[in-house]
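*Asks:* These are the residues of each chain, in order.
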Amino acid sequence: AQSVTQLGSHVSVSEGALVLLRCNYSSSVPPYLFWYVQYPNQGLQLLLKYTSAATLVKGINGFEAEFKKSETSFHLTKPSAHMSDAAEYFCAVSEVLGAQKLVFGQGTRLTINP
Amino acid sequence: NAGVTQTPKFQVLKTGQSMTLQCAQDMNHEYMSWYRQDPGMGLRLIHYSVGAGITDQGEVPNGYNVSRSTTEDFPLRLLSAAPSQTSVYFCASSTYPFPGTGGNEQYFGPGTRLTVT
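As they're listed, the protein sequences go chains F and A. Mapping of the first sequence onto the working numbering: position 25 corresponds to residue 350, and the numbering continues sequentially without gaps. Mapping of the second sequence onto the working numbering: position 50 corresponds to residue 88, and the numbering continues sequentially without gaps.
These aren't lab readings, by the way, just hints derived from the structure by calculation. Treat the hints with care, since some could be wrong.
[Said to hold, decoys possible] Pairwise CB distance ranges, derived in the manner of DEER restraints:
hint, chain 1, residue 1, chain 2, residue 2, range
1, A, N103, F, P365, 28 to 34 Å
2, F, K383, A, N39, 23 to 29 Å
3, F, N386, A, F136, 25 to 31 Å
[As the list claims (entries may be wrong)] Just so you have them, the derived chain F footprint on chain A, three or more residues with Cβ under 8 Å:
hint, stretch
4, 57-65
5, 142-149
Keep in mind it's a predicted model, so treat the numbers as computed, not measured. Even for Gly, the Cβ is constructed at its ideal location relative to N, Cα and C.
Could you build the full structure based on these sequences and the hints that come with them?
*Replies:* See below:
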């Protein structure tokens, strides 16, 4: 069965600092991988996704993630944090074949300090 | 387009009561799903549907029923609410997940916050 682990339930960075949110997956074959963002009291919004094309994926709001098969990782980064990035971030995985049921990590709450 | 809409936004139930959470989408998406979000556990799939008349169970289906009579609507029914069903419920939709295209973006509704006392 697929699973996703996000290291760190809370991450705090200063405005302008690098953002690094970690995600590792467990799957018998390379799956599809996603990062979603949830702002307070809202639904989830897709940041970016990996679907077996380029391993470095660029998303919205300056975020990017790199798929590393050897490390089974899909970490999310942003070079310079902005106050508006404060939110909860979810890594998710889905199967390549069959219905696209998403399996989510537990989430990482990102706080930006002024 | 309104996207994915959910009603109600908030609901308080007593143990044993029943209710239906409504979900509708206007994007003509074949795939629809229900998730629950609990602190520290991310989102977990309850039920999903790949088209009208077709539904299947997800990871945590017990205590919930679904049906899909139209492409647009995918209601979630709680037959006898329990405190363990206190959660935030999200509905999502996407285009049809043809084999090899499982990376379709899922669009989420704003959620329903349910409290069972």
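*Asks:* If a hint holds in the structure, say so; if it does not, say that too.
*Replies:* Hints, one by one, checked against the model:
1. A/N103 <-> F/P365: 28 to 34 Å: 31 Å, holds
2. F/K383 <-> A/N39: 23 to 29 Å: The hint (23 to 29 Å, Cβ to Cβ) holds, given that F/K383 and A/N39 are roughly 25 Å apart.
3. F/N386 <-> A/F136: 25 to 31 Å: For F/N386 and A/F136 the Cβ distance comes to about 29 Å; the hint holds.
4. 57-65: Violated: only 0 residues of the stretch 57-65 of chain A have a Cβ under 8 Å from chain F.
5. 142-149: Answer holds; 7 residues pass the 8 Å Cβ test.
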